[in-house]
Every structure is written in C-alpha cells, then in structure tokens.
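Chain residues, written in single-letter form:
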Amino acid sequence: AQSVSQHNHHVILSEAASLELGCNYSYGGTVNLFWYVQYPGQHLQLLLKYFSGDPLVKGIKGFEAEFIKSKFSFNLRKPSVQWSDTAEYFCAVNPPLRDYKLSFGAGTTVTVRA
Amino acid sequence: SQTIHQWPATLVQPVGSPLSLECTVEGTSNPNLYWYRQAAGRGLQLLFYSVGIGQISSEVPQNLSASRPQDRQFILSSKKLLLSDSGFYLCAWSEDSLGNGYTFGSGTRLTVV
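These protein sequence lines are chains L and V, in that order. Under our numbering, read the first sequence as residues 1 to 114, first letter to last. Under our numbering, read the second sequence as residues 1 to 113, first letter to last.
If you're looking for bench data, these hints aren't it; they were derived computationally from the structure. The structure presented is a predicted model; accordingly, all values stated were derived computationally and were not measured. Even for Gly, the Cβ is constructed at its ideal location relative to N, Cα and C. A hint or two may mislead.
As a list, the in silico EDC-like pairs of lysine to aspartate or glutamate whose alpha-carbon atoms are at most 16 Å apart [said to hold, decoys possible]:
1) L:Lys101 x V:Glu95
2) L:Lys49 x V:Glu95
3) L:Lys61 x L:Asp99
4) L:Lys101 x V:Glu59
5) L:Lys49 x L:Glu64
6) L:Lys101 x V:Asp96
Some, not all, of what chain L presents toward chain V, calculated at C-beta under 8 Å [as the list claims (entries may be wrong)]:
7) Phe72
8) Phe90
9) Pro96
10) Leu102
If we strip away everything but chain V, and leave its shape as in the complex, we get (with noise of 0.2 Å):
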C-alpha cells in the first residue's frame, strides 16, 4: 500500500536561517506531489506542485522554492526565513486520475522567530 512521510513534525527556526522540509512517497511511481500550507480559517494554500523529477510549478510567489531530486521525493526550501512562513506545511500526492484524490502526509508545523 501506498504511504507518506513528511518530517519534521514541528520545527522552530530563527528569522533569516534555511529551511528544509522532506517528502518521500512509498508504493507508488510517478506520483504527482504537492506542497499546501494550512493557516487557521483560511484552508489549505497550494504553494507548489510536481508531476514528475525535475519538473515544479509555484503557484504563489514566496520565499520558499521546492524541488523533486527523485520520483518520490519532494523537498521544500528556504535559503532565508521569514516570519511571515510560519505556519503548517502539507505534503500531498495523487494519481494522475484523482481518482483517490490526494493523501496527504501528517504535516510539519513551522514557527519562525
């Protein structure tokens, strides 16, 4: 069966310093990837997606970029943080078809200060 892990789970970082956050999908090839960020009240905001290595599309400019070095694997970065990137960040995939819609992994929970 299909499984996602996304770490840390929480994770608090000084203004300016990088940012890391790891994907990875299991059971699954070619997986279309996503990147949301959850803010209280304001649903889920798509920030990147991928559908295959190499391949990234940003949907709102930000300071934050993200990358697919392998199928299963989709990172998101931050050369400098900002406050305003605080906030719980979430890792999703599907199949093309969405015919399951998207699984979305347990989520990180970032605060800058």
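Next comes chain L alone, as it looks inside the complex (with noise of 0.2 Å):
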C-alpha cells in the first residue's frame, strides 16, 4: 500500500546537538510535502511546506527539510535543538489525485535533554 513511512519512533537528544528526522514516501508523480510538530500539549502546527522550486525549504524556529525526487524523501533537520524542541513531529503528503487530503507518517517523538 502506498504510504508514508517516519524512520524513527522516538529520538533522544541532548541540547546543541543536531537532529534530522527521516521521512519516505511510496507516491509516485508529483506531491506536495509537510512537516508539522504538535508540542505537548498544543496543536498540531505547521512546520514547513515544500511544493515545489528549491528543494531545500525553511521553516520556523529553524528547522529546514529537503526534498530529494529520486530517494522520494522529505527529510527534516536542525542543526542545534533546544529543550523547547521537545515534541512530537508528523510527515505528510498530499499524493497526486487524492484531492486536499493529506496522509501522514506515524510520528517521531523528539526528547531534548537539557
């Protein structure tokens, strides 16, 4: 089945340490790509969005993911985490032909060990 696949379930870092979260997609054609971060306690909240041009994309409060065709991945990254970063975080793609609705990965906790 087609899907989108979150490599990691839980991730433990330490302050000042990078991260990058994996994230697959088995759709073919062209799609559009999400990243999105429900802290504890809050909304799920959008991280950043890829469409299309660059395919290294900026988000907020630092994070970047880049989108690579040919590995069908949407990685996310941030090359110094903070204790705020402490959260769960949710791949998602839009497939071609599926209208508006999105399909998201499983999640990856992220704990940020000050």
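Starting from two chains that each stand alone, build the complex the way the hints lay out.
Laid out in structure tokens, this is it:
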C-alpha cells in the first residue's frame, strides 16, 4: 500500500545536538510535502511545506527540510536543538489525485535533554 | 484571522451510546473540512472530508458518520459507540490550494467504557 514512513519512533538528544528526522513516501508523481509539529499539550502546527522550486525549504523555529525526488524523501533537520524542541513531529504528503487529502506518517517523538 | 473550534475536549461514553463531536471554523468561507483520528504510534488516519455543505467523503469504513449542515460546521457522529472507537479525534480545515496546509483543532479525547 502507498504510504508515508517515518523511520524513527523516538529520538533522544542533548541540547545543541543536530537533529535529522527521516521521511519517505511511496507515491509516484508530483506530491506536496509537509512537516507538522505537536508540542506537549498543544495543537498540531505547520513547520514547513514543499510544493515546488528549491528543494531545500526553511520553516519556522530554525527547521529546514530537503526534498530528494529520486529518494522519495523529505527529511527534516535542525542544526542545534533546544529543550523547547521536545515534541512529536509528523511528516505528511498530499499525493497526486488525492485532492486536498494528506497522508501522515506515524510520527517521531523527539526528547531534548537539557 | 481564521480560527477553528472543536468540542468537547474530553468525553467518556459507555459502549452503545451515541456520539456527536462538533467542529466550527471562523474567518473563512467554503473551507475544506476533515476529521482525523490520531492513535499513538500510528499517526493520523483520515476518517472523513468535505468540500462543501452536504458533501461528505468517507475514507475508512467505520462505526462513524459525518455531516456538514452549514458551511463552517462539521460534525462527527455515531449511533452506537464501540470500545474500538476510543481515540483522539482531530478536526482540520484547509483552503483549496493547500497553500497553508491544514489548520487543526485542539482535538477531542474520546474514551468508550
């Protein structure tokens, strides 16, 4: 079945460490890509999105993601994490012919230790 | 600015009882509306979506149904809840272009006992 895969279920880091979360999808054709974040007790929020153009996109709070079409990947990165980045992160894909519907990955819980 | 309201925040219901969760959007017109269920370790599963009043598409056969009686109102219902209906339900809206992705509500934690 076509899907969105996030490879890490739980990542534990120390402050100032670099973060990279993997996201792969199995849909062919043109896709729109998103990363969402859910801080403890808060709503899901949009971190960044990719529709077209420069495959390296920058989002809020110092996050960036790189779209690599040949690898069907959209990995999220942050060079130096802070304790406040502790959250759950979701990759989402709007596949072709799926109108406005998003398919989400299972999520990655990131815990940043002070 | 646009806002989305979802209630109640938590709900405990007995098996076999009915369900009605409500979601309303303010500050926009003709939004696309969505109901998702979030399960730990399994991400978000799309249950229903709607592109207009009375237009409902079901993604997964469920013991649930959805209705859109007004442009900015989306209701998730069940006639008889099952234990397996327990979960965290999220409402979301988007524009047609998806330019801003989805905006999510605060969610309803449903426990069926």
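So which hints don't hold here, by number, going up?
3, 7 and 9
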